[in-house]
Every structure is written in structure tokens, then in C-alpha cells.
Amino acid sequence: MTSRKSIASLREDDLIILALDDARGQINARMYGYQAKWLLSDYHSDVWITAYRGREKCLDGKWSNSININWNICLPNGKSLADPIYKNFLSSLKRSAFCVRSGLIGQSYSAKKWEFYVRSILKLVEWVTFHSNIFIPEKYGLQLIGQKELDDLFSQLAIGSWFYAMDVPGRILREVKKDQGGEKLAFLDKANLILSNHSAQRVIRWLEDNRYYKVVQAGPHRGRSIVDKEKLSSLLFLSNSCQGRRFAAFLRQFESDFHFTELLIPMGPDTEYPSQNTLTVMETLQSRCSIKSLEIFHDHLNTHKEVKRLLSPLHARLNSINAIPNKSYSRSKGIAKPTTRTKFIPFDIGVAYLNVAMEWVEFYGDGIISYYAEWLKNVDIIEYSLAGGTRRSTIVKMAQQRIVHKEFAFQGGRYPNLGSLVDMSILFRRGTNRRHKEIREKLSLGDAISVLIGACVITIGLLKPSRSDELTHLDHDCLIQKEDGFYIRFTLGKSNVQDAYQTVEKPIPRITAKSLQLLQKLGRVVNMNCLVKYRQAENQKLFILPTDSIGRCMTLSDGVLNQYIDRFCDFANFPAQPNGSRWYLRIHEMRKWFLLLLFWAGRYDVLEAARWIAGHTDVKHIHTYIQREFPGEELPTIEAEYAMERLIDYEENHILGGSAEPGIVGLYKNVLTYFNAAALSLIPKVEWESYISELRMCGRLVLEPHSINALKHNGEMSGVSVSFILRAEEDA
Amino acid sequence: MKYSVANNVIHFSLDRADGPQNCFVCIEGLKKFKNLILSTCEVVRDKSQGRSNFTCMANIYSFVKVFVAFLKYENIQLPSTEHQWQNFVLSFFNYYLTNSTFRSSTRSRMVSWQHPTRSILMELQNRNIIPIELLIPKIRLSSESYRAGSTPILKTISKRQNLNEVSDKILVSPNFSQRDEDFMKTIELDCRQKVRVVQEVCLKHWQALVNDQSFSKNDADKISNEEIDRIFLVGRKNKITRANFYKLTGATCENEHKWLFATIKRIIYLSDSPTCISSLQLKSLPYFSRRVFQTGGYGRILSKQTDMEKHAFQQLSTFQAVYHFSGILSPRDVAAICALLIIEHPKFNPMSLKFAKITNKSGKWNLHVTDGDSQQVFSVDKPRAQSRKAAVLSPLACKLIGDVITITAPVRELLKRARNQDADYLFIGMSSGRLKRITTSLISAFTQPNKTSLCKLYPELTAAGLGKNEFSFAKLRNSLGVVRWFDTGSIDEMSRCLGNSKRTTIEHYLPPVLLGMWNTRIIRRFQNTLIVLASDRKSSLTLSDFQSEEELADFVAQLLFEYKDGSSPIASRLHAALSSEKSVKTTTNGLINLKICDESLSYLYAFKDYVTQKISSESSDFAPDDLATGLIELGRLIQYACENRKDFFALSEVLDLNSLCKIHEKAKVKKVHLSKEFEKFEITKSF
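These protein sequences, in sequence, are chains L and B.
The first sequence: position 88 = 88 (the working numbering), numbered continuously.
The second sequence: position 112 = 112 (the working numbering), numbered continuously.
Calculated directly from the structure, the hints in this document are not laboratory data.
Positions of the beta carbon are idealized from the N, C-alpha and C atoms, including for glycine.
Incorrect hints may appear among the rest.
As the list claims (entries may be wrong) - Derived contacts from chain B toward chain L, CB cut-off under 10 Å, selection only:
no., residue
1, Asn528
2, Thr529
3, Ile531
4, Arg573
5, His575
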């Protein structure tokens, strides 16, 4: 009890500190020049290191977990933004960024949102310098961007994002022509950026001559040659935003080693198969930019226009965009594609993964971690850290022999003994060339721990909808036990005030509690056997994970969490899908899976519970989410069914007085008028039901849930109500 | 609202139906800020124009008082430049959120900074009293739309186990596996039962106090004031010894308590010192031997007279017993009354009750309930609420408060004479050796096991799960809200509103506590649905939250009932799992495998004959249930099969008729004997 209280009050202190800091920040900018608590580095330095929700840490003078902005970006004309000719421009950009982060424009920006804003503006700056002959940025900044130019930018972005807007393919081809001379290289298919065979051969030759190929060193595609993207980008002064998947897809036509598959196989993750989200090369090249990202970009431009009123006249002039982003946005919206949604995990796949994950957690988790703890206990960390490679493996081997072989077997003869599943004599398997099949057949203890962590994350994610940020940054003591079961305490990923987030508790089943407990135990073991230098603060984070080297540990970032899930999914080894991909679960997919299935099964009765577990503030949000994300065509049917049930209920219970939602009364009357009847019971059921279905299908009947927060009598009442909105025929 | 300044005091006065309400703010030593303060008062007055008294008071308390306190704090200078002004505002903001002078939570401070404080400051800017260029910091708060977690109710808490042993099968009472109606009923019954126990015990305690007090008053009245004064006079002149005292009074051991009560009563009447009847003082009085105040003593004598339960009374110390009889309230008594008052009027919070003031005007009892709750900053008299609350006091509450006022009247007079402000408070009694308002914790007076708390006196409280860490006044209030909700909305209505079974409407208006429990239940059920679906049959019990096969089976049965086949992937999957069971059964052509011996078969036959006979003889009243009918049918089938083997030729192999017939023959013999035994049975309807 006491610890709970102290934490609650600690959050309150946080809140005060944040409020005070924020107020000081608002005022300081005006009074004392550009200093703020969030700005950890010097204002004038080229790289801004900024705070991120108190997670930033300074180790040996280096900041980690902070949000960094590099102002010294490389521009397409080969210069850099920190060059003296851009001095004024850069300082105006810095000021506007500062004002936005300090909340001076009235809107409050969270650290992450601010980062996206600055990155958008920097991309715009790149674009302006790319066309420096038109915009002359060193003199005019963003001032010369007119409505037409902005419209153009938006429509190019809509077609192919920054890769297209910065004309990357054209620039590559121009480079080739410059070196080789000869006729102009032509696209066979302009829209898909596919070169004619002849031209492609010329490009390949050029790439070979200039040694732009490199050989893949690790992973399943070891030995194949690919274009060295970094080298190529540095030639063309490409920024990161132009080097996305489109860049990779465009270059794939010059990488003959990968022509065996249509999928745009990523080189990064070390998975056995490409993931379910892997697109084909053609899909990638054809894919348009999503409406959502255009919307965000135009939002950022609006912010940037707004911020100029806070700047001195010179800076305001350099930052003023003489165009209306809203217009460009609405003109380009038609070209862009609707925002892609997180995929819905097929029910059977989700359930199958859950089963394996639960078994690992329940039957193997304790054994693996206690064996690991026992092993590490016998290793002298300091001796290990001073030793060289061979000596190290001897130390580890010796330690293993000293383990007192206690009972590390498991309950139930049904499950294979841990010893037959895991090779208990190998802590970490060395070598990069690891085939997944071999790993699966005999896991090393390190592999087993990775699989276990993946299993834990899956049991948490599938049984309690979470955002990836919420999971990554769980506290060590996030597991709470109350009289009616276990709860998980976490910081809500949304509904924040700048960087003050809420802490909430939500119910979890026992198996999830067990996963959390295993992770706690693992964290303690790892932390205890860490060199003091790397040791994490006691009881701070849930995820303190082992690395390949004993005596060190790491905390999580989003990407790392996914790697563990990937390891687990590869271990579970469910057959690959027909297109040669495998479903690797993602946190957000699991969230969606839970929420949609919950609604699907429980319908409108669980809407309020779904809102609550999802951490939304209004039931409307969850309903919109469900309408948008619902897989298949069943949703209108479900809604129509619900309307029918409500109508019957209304006729039976409310028609003689009693309050009813006005929408249902309207719907009731509408049905009666349509059939010219006095009561619903007089109309054949099939007929009126099909009428309702029809109304819903053609969109004339809309369901809209509301949250009710009313103060009635002497207590707060809360609940959900669903309105039925009937649209007039001409509207539909 | 009016205000005037005189002698360094700002006097705000609000007009109210029953006379002006006053509020004083001292501004001594703030000469340099005089203009600022005066214009602030002006703004506050203008802002309060046409507002309710409550708002006016809020303006004064959450702005003027804090502002003046801030000005007094650490030599603040009157700012002159814009820069200084900005710092001034910032440090005010800082002070506002962090000062320890005013008790209130950060959240409420933040809320009251936004309004009214910030708006008053902005008005000051508009009037050019502080520079218009200043930035006045802003706070925004957003939160999840309800916090059911923070409103606990009295419910049965299952014993907790150490968290480190999650792996052991569980601690959790998965009451989410109950059906909807049962779930709600459990909550309701639990709440009602606990509230009832609290009410009964407190009422019992209070009634005993009232009775004992009137008993002691009667006793004391038997001795006239003159008599006592005479003794006092004698005592003052020359030292009296115990023997002398007895001579003077004629007191014996049996009637000495009369003298004790009379003396205490007289002392309270005459004295003006709040410590006049402290245990030390009483001990030092010459009229009673010290021995009687030690263990036993009066306690033993008084225990014959008390209305309290003997075992409870015996736990009181002698002094506590004496005070109990003399009508001097203890924190324990106050806790009991507060619990009763809260049960009558859940809107009263315990803090406001504890510090409730009485003003006795024109024969009316006025109850000033203050928000002394530690959650809020100021203690404000709620002038509007006060009249309403007085109007709606239930008869019991009226009587209780009346009793309290009568009982505490002598002490109140004493405090008034002593010019002690505590005289205005409703609850005054003996607390840490002084007569004063009760300030000690009521909750510990209720639950603390090592004091003479209510829980210790009345073990039934602890037995009912209302002991330490289980009972709190906040929980009591929340539970009452829930009970009231159950009273007004019918359970049928509610289960219809909430029930998954009927799937009609989700227009539920629930107290947040219940909604929170309901949501938790839905989520827990769904989580376990997923677990059950994911795991195979053998491990599902281990992996899920359930403790026994029965619970799990019951849960699965509920799920099958709730989810129509084909309505969702989950429903289809569930039904698929069940129909696979069906298909296992149908492969055996719907026949049951019965292990039959002659013994069992003979019982079956005897039962069949007995029941069929009963039905025919007492036809109208007796109807066998499904199980009985099934057994009878089974008996008939076997008998028919054995006696008409030809008809059953096709089934002879399945039924293994040869061996069945042998058993049948044996059973028939045994049945004759059994039937005679069965005849002795009687069916009584009273069952």
C-alpha cells in the first residue's frame, strides 16, 4: 500500500515540476533569450540534444534516449546548412523551432511531435535548396515559395513522397549520363520508374565501374551483392528522407542477385522469411504517399507560418511562406492514397502464437531464467571483462561446470523437458552465419532467453491492448495485485499535456502477470551481474535485457522489442504464407487484434469496456477506430442487428412513457410510417428487418455512440449511449 | 459582495438571507502593495458581481487569500520594470502550486489557477494595473474520463498472497466467471451486508452512550448542588481525606459513583479550564481514593449499570468508562456517529462532519458543514448547501445531532466560558487530556486494533471484514452510492441494461465504481476467452485464471450461450470446439456407456417402480424432475430390451444383450427386496 501511495504522489510532484518548468520556459524565452530546460545542449551548437519525457540519460558525457536535431544537414547542392551563407536562415529556423517547443504559439507540442515538425521543416529546406536557383534560400529563406510552387511540391509528395519530390531517380540517371556520355537514359515506364533494358544495363555498368556494389555480410542473403546505398547517397547528397523503401525498390532493378523474388526483401532484420508487411518491388514503386502524412506535413507548415509572429522582423521574413498550405493539401489529397492501416492478424495465427507464447511463459520461463542466474553466479564478471576472447569462453565453460544441477525439469510430462529443447551447455552461440533451422533445433541458452522475452511480450500484447511506447517503457514495478486479480500499471501513450502523461492501471490475466514477473526476474538477474558502470538504476525499468557479452545490459527501444518478437515467431515456425512471407507480430497489430475481436464478439455491450481498456477518452474514438479498421464486410450487419434489437426493446419497454433516446424514437416512427402500420409487431419481422438493413447499408442510418459524463444527484454517473441518426433521403 | 479596509484588515461581506457572511484578510505590513491589493479587491468584487455566494467565496479563498499570503512571503518587492513583473508573476505561480500554507491537492490547485486566479490576473492586466505584456502561465489538464479505481467500495477482500508466487495457482478470486446477475448480486449483497453491520454496531454503541449518560445524569441529580458545593468548600479550607469525605457525604462503595458523576458534572459546570476533568486532575482530587481509578475500580461497579455489551465495556479503561457515563465524547464515539450520519446522508464527507460547526440561533439547529477534507484547499462554509442540508436531514440524523448537542452542552458551556473557539464545533469531547473538538483520526478510532477502537470493542466488525485496511469512510460512502443505485434502479432493469445475455441496450447510467468493476469484468472475461481458445484442452486450466475444472467448464458454457454461432470468429471457433465434442459422442451413435452391475441395476429398477407408482397414486402433486424422468426411461429401456430380445436383435451386439440379460435376471431378484425397503420412504413437501 505504501509504495503505491508514494508513487502516486511522485507523479504529482512530476506534474508540478512540469508545470513550473513549462511556465518558466514560456517566460524565459521572452526574457532571457533562448534557454530552456528541455534544451540540453547549447542553443548555438549544430546538434540540439533535447529532453525526452525524462528518459534521457547522460553517461560519460554522452546523452542517450534524448531527441536530437542535427542542424548541420547536408543539402542537395553539396553545401551544409551550417555554412556561413545560410547563417541567417539557420538562426531563423532555430528560433522558430525553439518557440514551438516552448509552447509559445499557444499549442502544446510533445517532444516527439516537435521532432517531427522540425524534421518536416528541414525537408522543406532541402527542397528549397535543391531548387536554389528559383528560391535563393541564402537570401530569401522560404519567402519565395508561392502557391503554385507549394501546390507542385504537394502533388509530387503525394505521388512518391520525398524520393520523387527531390527527383532522386532523375539525379542518378543524370550522373550516369554525365560520366558515360551518350544519349539520354529513358524510362520505359515513367510512372513505375522502370528503365528500359538497355538503359538499365548502362546504369549497372556505371555502378560497377564506380564500385557502388557491395556484398551482404550477414543474414539469410549473405554473399549476394547489392547497391551500396550510403555511398550512392553521399555522391548525390541525399538526406535520409530520400533513402526510404522507394529508393531501395528503384535500385532493385539493378541488383540481379535479388531478381528471384518479387518481394522487396529488406536487408535489415534477421528473420527467416520476409514479414507480412513486405511489399513487392512494384507495389513499393507504385505506392502513393498517404493522405495522413500529407496532412501532417501541411499541419507543420501551418505551425511554421504561425510561429513567425513571435520572431524578429528579419527572421519572420526568412520564415514566411507566401502560400496557403491548406489549399495545396486539399488539391493534392486526391492523388494520395488513403492511409494504410495496421493489418488485422488472422484469428488463427493470433491464437496459435498466443498458445506457444503462453506455454513458454508458463512451463519454461522459470527454468530458463533460474538456470541463467545460476550460470552467471559462477562467472567472475571482472575477470571476464578483462579477459580476451578465448579466455572468456573458457571462463564461461568453467562456470557452467560449476552449476549445481538442481531440478530444472518441468511439471507435466506432456511438455518436452527443457533439456531436450535447449542446449544447456552453450550460453551464446557465436558466429554470424546462423541458419534459423539449426537455431530452432537446438537453442542456446541465450537464444532461449530471446525467445522467452518474445513470448512474454506477446502474452502481454495480445491480452492487453498496448501501444508500443507503453510497453517499451514499463516500470520495473508495473505489476500490481489487487483483491480481484492482477493489474498492469503503465504510462498512457496518448492523452498527454506536453510531456506530462497519465499513469493508469488496467486488468491483466494471470499468465500476463507471470510474464511480467519473469521479465522482472530476468531484469534483476542481468542487473546484478552487470559491471557497476553499466548497471541500471534499481527498480527502474522492466526491460533490462542481457547482451551477448556478460557484464553488460541494455534497455529497450522500439526496434529491439520487435527483434525479440521476430525471434519468437521464427522459433514458433508456423508455415510461411503462400507469397513466401511469415506473420511477424507487431505491438500495434496485437492491440488491434484484441480490440476488434472484443467488439466483434461482444458488440455494443462492450463498447465502453473497449474504450476503457484501449485508453481512449471518448467512446466515439473507439467506435471510429472500429468502423475504420473492421476487417471484412460484417460491420454494417452488426450495426443493423443492433438497431433491430433496440427497436424491439423500445417497443416492449419504452413506448408507454419512459425516456428513450430520441434517435430510436425517430427510427421507430420511420419504420412504422414506411410500412403504414401501428406497431412493429404487426409488420412481418423479415420485412422490417430487411428494411433496417437496407437503411444501414445505404448509409441513411448511422450509429453514433457517446460517452456520458453527467453529474446527477449526488454522484458522478457515467456510461454510454448510442444515438441513431436518420439522414434524409436526399442526403444519402 | 462588499469590501472595506480598516486597520490593515480587508473585510469582505456577502449578503445572505440569514445575515451577512464575513471574511477577513489581514494585510498588515503590506503598505507598499496597498494600491495593488486594493485594485485586486476591486477586480474580485467586480468579478463576483451577480455570482453565487459560493463563487464569491471561492474568489476570495483561492485568489485573495493566497495572493496576500504570497505578498507577505519572503520580502517581496513591488516590481517596477516589465522584467520584474514577469518574475513576480512567475514566483506567484510557483508559490500557488507549491505553498504549504493552503492544504489542497496539486490537481485542484491547477484547476483553481486556471479559474479564477488566471482570469483575475488577466483582468488586472486589462485594467493596466499590471503590465499588459506579461505572460501569465497556463496549465492544461486532461485525464481519462473516469477514475473508478480511486473510488473503492466495501467489498470482500480475498486474502492476498505474496506477489513472488504468481506461479502458484492463484490468489485471484475470479468472480468475473460468475454470470451477470450473480456478479451484480454479489456486489450488492456484499455492500448491503457491510453497511448493515456498520449501522447496527454504531447504533448500538451510540444508544448505549445515550442511555448510560442519562442514567448517570439521573444519579447525579440525586445529589443537590448545595451538597456538593458544601463539600467543595470544606475541601478548599482543609485537606480532606478519603475517610473524612465519606463521613461528609455518607457515600458507600455502592453509591460512590453517584458522587463521582455529581462531582464531575459540578466541576464542568463551575470550571473554565479544558483540562479540569483530565485523568491527572481527577486523580489528584481529594474526594475519591486513587485506588478506584486503577484497574477495576469504577469499571467493575459501572459495568453493572451500563447498557453497553459487557465484553465491550470491560475493555474500556476506568477513565474511559467514567467519561462514557459522564457524556464526554471520545473519538471512538464520534467515529460511530459520523458513520451513522454518513449512512443517512452519504453526501457528508467524514472530514466535513468531524469539523462541523453548530450555531444555535432562534431555536434552530444549523449545521455548518465545512470542506475540511485534506483534498481541498480551503475550508469554506457552504452557505447554499447548508440550508439545503439542514432541510433534508433524516429523522435519525436529526435525532443524532440533537443528542450530540444535548450531551455536549455542559462541555460547550465550559469552552464558551473559557473563550475557546472549539465551542462552535459539533463534536467536542475528551481528546489527549483536554476538553476540545475531536481532532484525532476517526478512522483509527474506528479500526485501530491496538486501541480501544470500535473494531476492538465489537469484534463483529472485524469478523464482517470491516477491520483495519478494510474499512474507510470513503469506501462507506461509495458503497452507499452503489446500494442507493441498486435501490432505485431495479436489478432486472440493470441486468437487462448490462447483460450480455439479452444484448439489447447499452444505455447504462452507472455509478463509476460499478462501471469500473463491470469493465474490468468484461475485459477479464475476454482475456480468459482468448486464453481458453488459444490453449489446448489439457493446459487451459493451468494457463487461465480459473482454479477448478468446474469453474472453467461453467465459464465455457456461459460463453457458448452468449456468443451466437457464426456471429464472430470467436463465436465460430468456440462452437467449433464444442461441436467437435459432439461429433466424438455421435461416433458412438448417441449411446451412453454405462457400467452396470446387478446391484446398480436393481436399484434403478426399484427406483423406477417406486416413482411410477408414486406418480400414479399421488398424480397431481408429484412431478419427477428431468433427472428422475431420464432414469425411469433408462430403466424401462433396459428392462424392455432384456425381456423382448427379438425386437432388439439389431442392437444385440452394441448392447451386449447376453451379459445384460444375465445381470437383468439377478437384478430382478434383488429388486424385490429393495422395493420393500423403498416402500418405507416418505416424501414430505416441506423439503
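These are the hints, each one checked on the structure:
no. : hint   : in the structure
1   : Asn528 : holds, 6 Å
2   : Thr529 : holds, 7 Å
3   : Ile531 : holds, 6 Å
4   : Arg573 : holds, 7 Å
5   : His575 : violated, 12 Å
The structure fails to meet hint 5 from the earlier list, while all remaining hints are met.
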